[in-house]
Amino acid sequence: MNIASARQAVSGASIRISRLEKRFGAVSAVDGVDIDIAAGEFIALLGPSGSGKTTILMSVAGFEFPTSGSIHVDSEDLTYVPSNKRNLGMVFQNYTLFPHMSILDNVAFPLKMRGLEKAERHARAEAALETVRLGGYGKRRPNELSGGQQQRVALARAIVYRPRVLLMDEPLSALDKNLREDMQLEIKRLHAELGITVIFVTHDQSEALTMADRIAVLKDGRIQQIGPARELYERPANLFTAGFIGEMNFVDVTVERATDAVAVRLPWGETWSLPASAVVEPVRAGESAVLAVRPERLQFGAGTAPVVKVTLSDIVYAGSALLLIGRLADGTEMRARIAGASDVGHLAPGDIASFSVPMEALLLYRGRD
Amino acid sequence: MKPVRSDFWHSDGHRLSGLSTLFLLAPFFAVIAFVFIYPIVQLLVISVTEPHPTLDNYARVVGNPVYARVLARTLWTATLVTALSVILGFPVAYYMSRARGAVAALVAVCVILPLWSSVLVRTAAWSILFQRNGLINSALMGLGLTSQPFKLLYTQSAVVIAMTHVLLPFMILPIYGALRSIPNDYTRAAAVLGATRWRTFIEVILPLSLPGVVSGSLLVFLTALGFFITPALLGSPQEMMVSTLVSQQIREVLDWPFAAALVGVLTLFVTLLAVIFSKTLRFDRLMGAAS
Amino acid sequence: MKPPADKGSLALGACVYAVLAFIIVPLVIVIPMSFGQNDYLAFPPSGFTLKWYAEYFDSRQWRAATWLSLQVAFLTAICASVIGTAATYAMVRGRSRLVTLFQVLLIGPIIVPHIAIAVGLYLFFQTIGLSGTIPGFVLAHTVLTLPFVVFTMAAALGKVDANLEAAAMSCGATRFAAFRYVTLPLILPSLASGALFAFIISFDEPVVSFFLSGVRQKTLPRRMFEDIEQNLTPIIPAIATLLIVLSIAILLGAHALRSRSKTP
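Chains as they are written, first to last, in this note's numbering: chain A, 42 to 410; chain V, 1318 to 1608; chain U, 103 to 366.
Derived from the structure by calculation, the hints contain no laboratory data.
Treat the hints with caution; some may be incorrect.
With beta-carbon atoms standing in for the labels, derived distance ranges [as the list claims (entries may be wrong)]: (1) U:V127 with A:N184: 55 to 61 Å; (2) U:T229 with V:L1523: 48 to 54 Å; (3) V:L1523 with U:F159: 50 to 56 Å; (4) V:A1416 with A:S111: 39 to 45 Å; (5) A:G66 with U:Q139: 47 to 53 Å.
We treat Cβ as the ideally placed atom computed from N, Cα and C, and that holds for glycine.
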């Protein structure tokens, strides 16, 4: 793609990853992944280490060639195109500013590679530095900047040639907490300003939830679920996602009835009839299943809804919230998160507390084999 | 092995007393003073005091065209060997820094084993290869490239080739050390920003590996200047180097003051270079990579 | 669509293996030559014989030279590792202002051409009667090998937490006992590999030996030098093969020692 058209391209490109597979010897790092990314979308790849999220990013960047499958950007097949011809922007975990070049030369580097005149590339590099609010830092060396500043420079370098796709490989993990939050906003702002398509790899779920339009949750090289934050949090598609995103209580149950309305027997013998909306994965009568509920959905005290009785072991006051930790009769751990101002003054470890469980908060999954 | 930190001489914890420090250091300083400093200083003194206090010996080294040519030949040979070592050594160091597993081990063995085998063995091998009926001439004639065997042994080319062979590991290892410390992500960053592999090499890899190249070049150049065994066995008596001239002056002509002046020129030049480049010379790093 | 063939890497690989062949072939070529039957060195060697090895082991002169070199190398390894370790320990744990001087003197024997050291020692040792003696060779080789021992030991001692010795001393150990029972066991593999390297450097050292050798006391490298210079008999490839095997053995030994040393 030439510079003129790259400059006019103010919106992002669409990306289609189909049946992507990458094997290292006998190990499958990525095992049949399909992702369709709309132009201008901000997508996060979230998963534990070894889940394949980085390998997917490496394949899109062109550092790894997949074993099979394809990668299209704006319907152009880039699967085996060398990375220097892909015209993508990328920000790495450890800044990767070239230590022997000034800040300005670092930002101007991609323009130099594209054959721009010195005056023009310096002007554009300076403008890119302004965008990340580092105007006037051009003469310094990378080691004279703080970690956060270095990452902003890396960001400027990745966008200076107006790529239509920005790849980010855990770009904030080397920064401390406050800086990280600043940078999250900075990246969101740039995304909105430039309309660029972003693929953002992270293992930090709160980062993924707050930043991305959609999140792809990965495990063992496969996509577990892909969707917007709210969907992922409120209706995780399987047990892995349910446990991986946020806090979740799990109770092993047995399915009593699976026709019209599903009913499950709880460890202490009670049987609950579940609304159809609770059934995430189809179950059959007689099978074991897992009932899941978020700690903040439990309500302190007995009410109209079904009730669980928990022997408390810890009561943790955390300002805005009060975390109650205890066990059910069969030993299953339960956590409840209620408003910090709640009056539970009489409760002490060892007491039995009752919580009512709103039916609409329950989720039912197939059992863990 | 990790490069030795430059501050390793200052570690924390309980310090030795001044007296025990001195006691432990005494043998080292005694041996160095007695077996290294004193003999060299004695030579330097002889070079300016015999036959009477004078700089005539040095004037002869530089002034006499025969000896000036020996100096020039020595400098030229060392330069040539250094240049050849960079050209041959850099690709190997680069390959070695990127290789993994069995390939990396194979390359490392090929580089390190010669370093720890005798210079005489390697020189002997070359003198066998360079014989009139040696492998190289047989191969050239077998390929029909020449009908007459070349005179290879006792030529300056033989000296240059064999010295490059002997000194190549001293070039490869420092460059390898410098290349190894360049994170892989720099290459990737350059590529994704649009640099071809060649541009990545020129703009990123080469500048960052330059300290290793300088260090290796100095090491090879300094060692080549005083190299004795290879020129003595493979070189021509008509084309002497400083070291072989020194040997001849001592063993055949018995002109000690002049030989001392030659040694003085060599030692002072080498020391001067080492002082100028003291920041770049990292012997600890070389030793770490070589074992 | 398939991944494109990587021509650049192939070309680089070809260059690299050509250079590696240049490095390794001259070393390897002497091995078959040592088994050739001809009385002169020709390639390819014809037949198979061990007579050159027999000749080497039967010759009193070669045996004497080898024995002298072995003695010198053994004593050098001991002297260099003791002196080098003591000095390194003092530098790492001591409070000396001599650090800069120490570092300068340390690289001296590497920087200054061996021909200069050799000529200087030749003159000096003749006046005090050390020329051509075992103590003379050992002293000279100790100077040449000290830097290598010190670099090895500095790396090893740098990895030993000084607080370990402090802990031992708080348990009642003297400074020496703390070194003997805590630090020394931790650095022992490095010490041994440093000594091995000192041994092989001394055993193979040609330049200083060349000048210090007398008419009767000749080291193995000096004798090899003469043989190569004068007639180059097939006994040289036989000795070269033995020396290569020795180098491999010492490198393997040092490698085994290093992989055993798990200094924290």
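Report the numbers of all earlier hints that the structure fails to satisfy, in ascending order. Of the numbered hints given earlier, those the structure breaks are 1 and 4, listed in rising order.
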